[in-house]
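Given chain A's structure and the hints, the job is docking chains B and C onto it.
Chains as they are written, first to last, in my numbering: chain A, 331 to 566; chain B, 9 to 310; chain C, 8 to 332.
Don't take every hint at face value.
Below are the DSS-like pairs computed for lysine-lysine, each with C-alpha atoms no more than 30 angstroms apart in a straight line [said to hold, decoys possible]:
1) A/Lys400 x A/Lys359
2) A/Lys359 x A/Lys439
3) A/Lys400 x A/Lys383
4) A/Lys336 x A/Lys400
5) B/Lys96 x A/Lys336
6) A/Lys439 x A/Lys400
7) A/Lys383 x A/Lys483
8) A/Lys531 x A/Lys336
9) B/Lys96 x A/Lys400
10) B/Lys176 x A/Lys439
11) A/Lys336 x A/Lys359
12) A/Lys439 x A/Lys383
13) A/Lys400 x B/Lys144
14) A/Lys439 x A/Lys483
15) A/Lys400 x A/Lys483
16) C/Lys194 x B/Lys96
17) A/Lys383 x B/Lys176
18) B/Lys176 x A/Lys438
19) A/Lys383 x A/Lys359
20) A/Lys531 x A/Lys483
21) B/Lys176 x A/Lys483
22) A/Lys383 x A/Lys336
23) A/Lys531 x A/Lys400
Read the hints as simulated data drawn from the structure, not as lab findings.
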Amino acid sequence: MSLIVKDLIVDHGAIRAISGVSFTVETGKLSAVIGANGAGKSTLLRTLSGLNKAAEGTAHWGEHNLLHGKPESHVRSGVSHVSEGKSVVAELTVEENLDLGALWRRNKKEAAETKQQVIELFPRLGERLSQRADTLSGGERQMLAIGRALMSKPNLLLLDEPSLGLAPLVIEQIFQTIRGIVDSMGMTVVLVEQNAMGALKIADTAVVLNLGSVATSGSAADLIADPAVRAAYLGY
Amino acid sequence: MIQFFNMLLIGIGAGSIYALMAIAMVLVWRSTRVINFAQAGMALLSTYIGFELVQKTGNFWIALPLAMVLGALFSALVEILLIRTLIKHSTSGPVAGIVPIIATLGLLGLIRACIGMIWGNQDIQIQPPLSKVGFKIGEETIALSPMNLLVLLAVLGMVVILGFIFQKTSLGLSLRASAYSPEIAQLAGIRVGAIRTIGWAIAGAAGAAAGLLQTVNGTGAVSPDSLEFSLLLTFGFIAAVIGGLESLPGAVLGAVVLGLVLAVVQIYISGTLVFIVAFALLLLVLLVRPQGFIGVKAGRRA
Amino acid sequence: MLKKHPLVGFALFGVVLFLLSNRVDELRVFQGATVAIYVIAIASIILLTGYSGQVSLGHGALLAIGGYAAALARIHWGAPVWLTFCIAVLAAALGGYLLGLAAARLSGPYLAGTTLALAIGLPSIANQFPLFGGEQGLLYDIGMPPASLGEDFTQYKWYFWISSLAALISIYWLRNVMNSRYGRNWKAVRGNDVAAELAGINVGRNKVLAFTVSAGLAGLAGALLAMTISTVSPGAFPLALSFSLATGAVLSGVTTLGGVMIGAVTLVAIPEIVDTVVHRFETSENIANNLPGLLVSTLLILTVLFVPNGPVEQMRARHEKRAKR
Numbered sequence: 331m332s333l334i335v336k337d338l339i340v341d342h343g344a345i346r347a348i349s350g351v352s353f354t355v356e357t358g359k360l361s362a363v364i365g366a367n368g369a370g371k372s373t374l375l376r377t378l379s380g381l382n383k384a385a386e387g388t389a390h391w392g393e394h395n396l397l398h399g400k401p402e403s404h405v406r407s408g409v410s411h412v413s414e415g416k417s418v419v420a421e422l423t424v425e426e427n428l429d430l431g432a433l434w435r436r437n438k439k440e441a442a443e444t445k446q447q448v449i450e451l452f453p454r455l456g457e458r459l460s461q462r463a464d465t466l467s468g469g470e471r472q473m474l475a476i477g478r479a480l481m482s483k484p485n486l487l488l489l490d491e492p493s494l495g496l497a498p499l500v501i502e503q504i505f506q507t508i509r510g511i512v513d514s515m516g517m518t519v520v521l522v523e524q525n526a527m528g529a530l531k532i533a534d535t536a537v538v539l540n541l542g543s544v545a546t547s548g549s550a551a552d553l554i555a556d557p558a559v560r561a562a563y564l565g566y
Numbered sequence: 009m010i011q012f013f014n015m016l017l018i019g020i021g022a023g024s025i026y027a028l029m030a031i032a033m034v035l036v037w038r039s040t041r042v043i044n045f046a047q048a049g050m051a052l053l054s055t056y057i058g059f060e061l062v063q064k065t066g067n068f069w070i071a072l073p074l075a076m077v078l079g080a081l082f083s084a085l086v087e088i089l090l091i092r093t094l095i096k097h098s099t100s101g102p103v104a105g106i107v108p109i110i111a112t113l114g115l116l117g118l119i120r121a122c123i124g125m126i127w128g129n130q131d132i133q134i135q136p137p138l139s140k141v142g143f144k145i146g147e148e149t150i151a152l153s154p155m156n157l158l159v160l161l162a163v164l165g166m167v168v169i170l171g172f173i174f175q176k177t178s179l180g181l182s183l184r185a186s187a188y189s190p191e192i193a194q195l196a197g198i199r200v201g202a203i204r205t206i207g208w209a210i211a212g213a214a215g216a217a218a219g220l221l222q223t224v225n226g227t228g229a230v231s232p233d234s235l236e237f238s239l240l241l242t243f244g245f246i247a248a249v250i251g252g253l254e255s256l257p258g259a260v261l262g263a264v265v266l267g268l269v270l271a272v273v274q275i276y277i278s279g280t281l282v283f284i285v286a287f288a289l290l291l292l293v294l295l296v297r298p299q300g301f302i303g304v305k306a307g308r309r310a
Numbered sequence: 008m009l010k011k012h013p014l015v016g017f018a019l020f021g022v023v024l025f026l027l028s029n030r031v032d033e034l035r036v037f038q039g040a041t042v043a044i045y046v047i048a049i050a051s052i053i054l055l056t057g058y059s060g061q062v063s064l065g066h067g068a069l070l071a072i073g074g075y076a077a078a079l080a081r082i083h084w085g086a087p088v089w090l091t092f093c094i095a096v097l098a099a100a101l102g103g104y105l106l107g108l109a110a111a112r113l114s115g116p117y118l119a120g121t122t123l124a125l126a127i128g129l130p131s132i133a134n135q136f137p138l139f140g141g142e143q144g145l146l147y148d149i150g151m152p153p154a155s156l157g158e159d160f161t162q163y164k165w166y167f168w169i170s171s172l173a174a175l176i177s178i179y180w181l182r183n184v185m186n187s188r189y190g191r192n193w194k195a196v197r198g199n200d201v202a203a204e205l206a207g208i209n210v211g212r213n214k215v216l217a218f219t220v221s222a223g224l225a226g227l228a229g230a231l232l233a234m235t236i237s238t239v240s241p242g243a244f245p246l247a248l249s250f251s252l253a254t255g256a257v258l259s260g261v262t263t264l265g266g267v268m269i270g271a272v273t274l275v276a277i278p279e280i281v282d283t284v285v286h287r288f289e290t291s292e293n294i295a296n297n298l299p300g301l302l303v304s305t306l307l308i309l310t311v312l313f314v315p316n317g318p319v320e321q322m323r324a325r326h327e328k329r330a331k332r
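Bound-form chain A, shown alone (with noise of 0.2 angstroms):
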């Protein structure tokens, strides 16, 4: 299963957002998406996922074509969006907010178990179950986040800006959890970021947006080897 995308056209009211984008995921691998703020990496994720209309272009993951139907069809083709900033019901307790990731699943059986394996791969949650989340740290946050997508099983995660607001420290961890997740689920992770070479570390391929196009795609090395990019994005 890859995600394929192919000149895709978004626009925000009169302003083109994204202009022809095309690039490729192949399955199991961790593609980064950055650039500059307003480049239109959000609308890009927001497009996959259901949330914003496409004016043009195709994107399927697999078979299943994104730019068709409303998000809650996607979760069940096994997308799952973190979107940017409070991606968390702060009015919610942790484990609510854990357990709506997994309400459209049948088998009850099953979700129990992703509970589990979520609760396993941050541990903090699993200490605060029942508290409410925004009592919950910025980091925190961002693992409930991430935890409650896990909760829906999904084989493409989509994940805008995990790192936005947070400590050092903690961006490391949810980079690293995040690489984690790839390599031990065999998941596709799509990540937009704007902290380009925390991105760029853990990803394999990358693709540079700027002003709604592709400046520059390919191997998140070659990326980080591009002096373009250097100057542009990574600060040397």
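Chains B and C in isolation, oriented as in the chain A frame:
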């Protein structure tokens, strides 16, 4: 002493009816973030349907649950036709916040007009199923009749059942999540549209119960222009606000408080001042403690 | 030319109305007076909701305050008519000021619900204190038209003239206010009150000001309304009135003054249309009584769903879109 006790009973009795209405409004608010001014109108329609059912079946106990089911269906229909259209055509710009309010008000007028056209504007009578004569304690008759007791039990039952649904079931979790963060709920795979419809359906059932019970608990007469329904509309809203729109127990508490305050005014001061006092209470709560007695969040920017 | 000298436009319109009033029968003249009154009332709502973004469902109550103030002034002080109108404006403005103080802290549905509660509750005060004449209400008689206008000048024509003159003056004045610094401030508040505050506009004070001015206008409309039926009573200002006015405002296009005639005329036209329909087809009494309500509500729902900014604004937007291409 007995008068004070009676006043308490009257207050709680009235409050329990407002509580049902308040519950309906809070349900809609929590599942859709809309204050449905047409709630009382829908309750009115359900009451008329209940009236027809009582006529046909001769049995209030069959009519009540049936009316609640039909009320639920009608409410779901409204959500599908009106609210989804509202969301689809939602504009930005200055009027955006006002549109749902005006739309539900329009619906209120529409329902009242239709009721008038079908059944006429005269009062119709519904026979109460239980005695309205107060229980006797020794020599005294207190202001609690079997009918009152039924209403109290019905409200209590609904609060318990609804509370259970909301807090302990998957449906309840979906309802809460869809209200707090519809986007996250969608991304978690919840069919937010269908959930919202269910929320409205439950509210419709609660409203139907409120309308029917209020009618038989009162004079038994109801008409499209009746005072009782203006009361139901206003006091249900006020009760919901006092309790803080976010919680069901809060709505009930708010309704009881309102009922008691109004009973005091009615008995010790004057019956006609009831509306103004309710209005003053509403203002007081909104200005002093906007999140209501139970509410936790501050910030009332709807 | 008319755009540059709006005063000329208004004056011309006034002359046209004068000429018209001599040609049409009494019923039309009376309806004309009602249209003029609705114009003022709807304009007051447009000011409040369209310009400063606050919802009021209780304007009927403000009209009532104006009407009662005018009647009381006439009865107890024998005030001349023009003075009673001024008192009506002031009394309602005071009410609006107080309401505005509370309203500035509320938003959206809370404000709507509160004003709704007011609309339901205020008329009941009339029944509480004998000063207000209870259910029957009070007499409000402005007297016969002056002899100088000739013998043919009927009472209704007199009402029409007064109402139309009041409407013309009010709209002209309101238009100037909307285009002034105050109007711009209100628009800023309506758009985004946090941004407005940051831009140095005192949001609270502006909201209260908008409420006060809006209420004053509503009070004038209330006094004029009382004039045309020669009474004030709780029954003259029912909840339905507040709803009708809100509907009229939405039909006119809540954000701009331009379409205010549309709403006013529609409100007066609907009972007319219903009457005709009822007489053509023999409908039952139930249907006849409720058809106006049905039409108004349906119109309201359709308008607010599909043309929420009003037909005038919709056409303007379409015009601009075309111009951009």
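A quick look at each hint next to the structure:
1. A/Lys400 x A/Lys359: At roughly 25 angstroms apart (the allowed maximum being 30 angstroms), A/Lys359 and A/Lys400 satisfy the hint.
2. A/Lys359 x A/Lys439: 29 angstroms, holds
3. A/Lys400 x A/Lys383: Roughly 10 angstroms between the alpha carbons, so the hint for A/Lys400 and A/Lys383 holds.
4. A/Lys336 x A/Lys400: 20 angstroms, holds
5. B/Lys96 x A/Lys336: 28 angstroms, holds
6. A/Lys439 x A/Lys400: Cα-Cα ~27 angstroms, so holds.
7. A/Lys383 x A/Lys483: Since the Cα atoms of A/Lys383 and A/Lys483 sit roughly 25 angstroms apart, the hinted pair holds (cutoff 30 angstroms).
8. A/Lys531 x A/Lys336: 26 angstroms, holds
9. B/Lys96 x A/Lys400: The given pair, whose Cα atoms are some 14 angstroms apart, holds under the 30 angstroms limit.
10. B/Lys176 x A/Lys439: Given that 30 angstroms is the threshold and the Cα spacing comes to 18 angstroms, the pair holds.
11. A/Lys336 x A/Lys359: 18 angstroms, holds
12. A/Lys439 x A/Lys383: 35 angstroms, violated
13. A/Lys400 x B/Lys144: Roughly 61 angstroms separates the two Cα atoms, so the pair is violated.
14. A/Lys439 x A/Lys483: 13 angstroms, holds
15. A/Lys400 x A/Lys483: 18 angstroms, holds
16. C/Lys194 x B/Lys96: Holds, because 26 angstroms separates the two Cα atoms, which is no more than 30 angstroms.
17. A/Lys383 x B/Lys176: 35 angstroms, violated
18. B/Lys176 x A/Lys438: 15 angstroms, holds
19. A/Lys383 x A/Lys359: The hint holds at about 26 angstroms.
20. A/Lys531 x A/Lys483: 26 angstroms, holds
21. B/Lys176 x A/Lys483: 23 angstroms, holds
22. A/Lys383 x A/Lys336: Cα-Cα ~15 angstroms, so holds.
23. A/Lys531 x A/Lys400: Distance ~33 angstroms between A/Lys531 and A/Lys400 Cα, so the pair is violated.
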